[in-house]
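Novice: The chain contents come next:
Number of protein chains: 2
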Amino acid sequence: MKKYQVVGIGNALVDVLTEVEDAFLVENNIEKGIMQLVDMEQAVALYSKVGPSKEISGGSAANTIAGIAQLGGKTAYVGKVKNDQLGEIFAHDLRAQGAVYETPMASKDVDVETGRCLVLITPDGERSMNTYLGVTEHLSPADIDEAMMADTEWIYLEGYRFDGPESHEAFDKAIKACKNADGKVSITLSDPFCISRHREAFRDMIRDHVDLLFCNRAEMLSMYETEDFEAALAQAAKEIGIVACTDSANGAHILSGDQRWHAAAVPTDIKDATGAGDLFAGGFLWGLTHGYDLETCGRMGNIAASEVISHVGARPETDLKELFKQHNIL
Amino acid sequence: MKKYQVVGIGNALVDVLTEVEDAFLVENNIEKGIMQLVDMEQAVALYSKVGPSKEISGGSAANTIAGIAQLGGKTAYVGKVKNDQLGEIFAHDLRAQGAVYETPMASKDVDVETGRCLVLITPDGERSMNTYLGVTEHLSPADIDEAMMADTEWIYLEGYRFDGPESHEAFDKAIKACKNADGKVSITLSDPFCISRHREAFRDMIRDHVDLLFCNRAEMLSMYETEDFEAALAQAAKEIGIVACTDSANGAHILSGDQRWHAAAVPTDIKDATGAGDLFAGGFLWGLTHGYDLETCGRMGNIAASEVISHVGARPETDLKELFKQHNIL
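One line per chain: the protein sequences are A and B, in this order.
Read in order, the letters of the first sequence correspond to residues 1 to 330 in this note's numbering.
Read in order, the letters of the second sequence correspond to residues 331 to 660 in this note's numbering.
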């Protein structure tokens, strides 16, 4: 029996959430619904233009791990923060949720700060993200504890983490340690633009190592450079053991070998779409590591995603197990 | 015509909001519904025991000023933060709301941090506050800009600010500069325990300088050391030009000389009581400085308070003027 069910690796970020009108996105050349990287200067300039904000721990894989932990899963997270106030907040929130988080903090002397993501929420609930990676960009192979990677059933890799000088090497080290101990590898593609920045690396990794792929429709199309969704799904299913592809209000498609399932979306009043994909993966992975069939895993993912978009902030605020019970799948 | 309608002076804090069960308060000897001061060590110990949190700018008078600013009032705030991440967040949120905030930040070399308030929200929506004052305790007379105090119709003093070595002197300086320029002085009593720590100073200040008193029932009783609410109200009305005393679900009592009004509470689903009194004062002061009668000011206060307790966080998230219109008082 392994110590962990899922260990996630990603960008450790604190979200700075604020509401804006659509016109603000246009005026500031921000593409709606995606993540764009900004440097500290751009981050400060943009922050000075937005209204009052809230700070809530985020980071894509960290949100997923928080969801699994809230469900009672045995889980850990690897991602870099600095020993500053936002770093302390990030570490507290993850541990307080029940996840193990032991990545060494960068010291106060480092000249970059803990990363943050300025999340602009438009009236339709869509989020447009401006990420200052800060110290989290510098996650290095030294931060990967091979014993931890060997002691987990699954690792969960965040696509965004491909943006970093030593990140591919860090991922390789994690994958090797995990696979050598008969662990499995899951990955989320994170964002269509992130894919276009690293398409070859993604494709190689997926073909060679990935057992479970999380993505949404736009990412799937970007990955296989096609407009034909069905063709892309078919191709992915050929290359990967399990494919879980979300398609917003159309629900999620789960493929494994020749089999395919559809899990309907769970309707809700969308307040803030941040974290939808992250919590889909969280619910799905919890189900998978607790013996549920893939269709049920998809439903669990949809329920968890639905919870997180019903409020501002990308981590669950309602007992997810209770929600699973209300939907009669527990 | 003065530059400002209201200038507030108070403890500059970032709120750390988290949900707990009532049993947690009992186990940790935390008295429900009040504010208690903690040192950094106690703050860290308590923080390590609570679940995931959200960080939202707070501070009692700062919430009031944010409310007035959101309504379009000309307003400024005086309170001390450090040049650290939480200090930047506090400053951003207040300025982004439209308030002037020019208090010099304490430098990075100072060995205390920006103050914060750990707000424990129980299922009934009540909040119990644990405040680490940090650098905000050290607001000194040097931070009081006499020209600003002379250029405002009202100053608004936060009772909590009495907890600080040089605070009484700072308040004296502000009052003198304000009164010498025919400005008026309002104060909030903040908390029954805060009053018991400084009763004589409060009583002297009120008798000698205060034109408008904000308080709630418990504070009024503590102030005059009686259990007789009506007697306390009568005594206050004798000493102070305007008394605005809130009484939770019973609404607010407004007294001025021989006149008295009652403004009914505005019912809402209470999510987080933090900021109710602050926003009552904000709505009231905006009304008062925009020519409304005292009864209408009380109603505006109740509407603003009702908005802020309907969500987590102590600053308004809905357009308060729109709410006033919906209630047919604009």
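Quick caveat, the hints were computed from the structure, so don't treat them as lab data.
Remember, predicted model here, so these are calculated numbers, not experimental data.
C-beta atoms are modelled at their ideal positions from N, C-alpha and C, and glycine is treated no differently.
Errors might be hidden in some of the hints.
Partner residues aside, some chain A positions facing chain B, computed with beta carbon under 7 Å [as the list claims (entries may be wrong)]:
1) 52
2) 84
3) 85
4) 86
5) 93
6) 96
7) 97
8) 108
9) 112
10) 125
Okay, derived cross-link-like pairs now, SDA-like style, lysine to any residue, Cα gap no bigger than 20 Å in a straight line [claimed, not checked]:
11) B:651 to B:403
12) A:271 to B:599
13) A:49 to A:29
14) A:238 to A:221
15) A:321 to B:555
16) A:271 to B:647
17) B:651 to A:20
18) A:74 to A:291
19) A:184 to A:49
20) A:32 to A:45
21) B:601 to A:318
22) A:321 to B:624
23) A:179 to A:235
24) A:49 to B:649
25) A:108 to B:599
26) A:271 to B:418
Label pairs and their in silico Cβ distance ranges [unchecked claim]:
27) B:425 to A:260: 52 to 60 Å
28) A:319 to B:361: 36 to 44 Å
29) B:352 to A:146: 39 to 47 Å
Novice: Hint numbers the structure violates, sorted upward?
Specialist: Hints 8, 9, 10, 15, 19, 22, 23, 25, 26 and 28 contradicted; others consistent.
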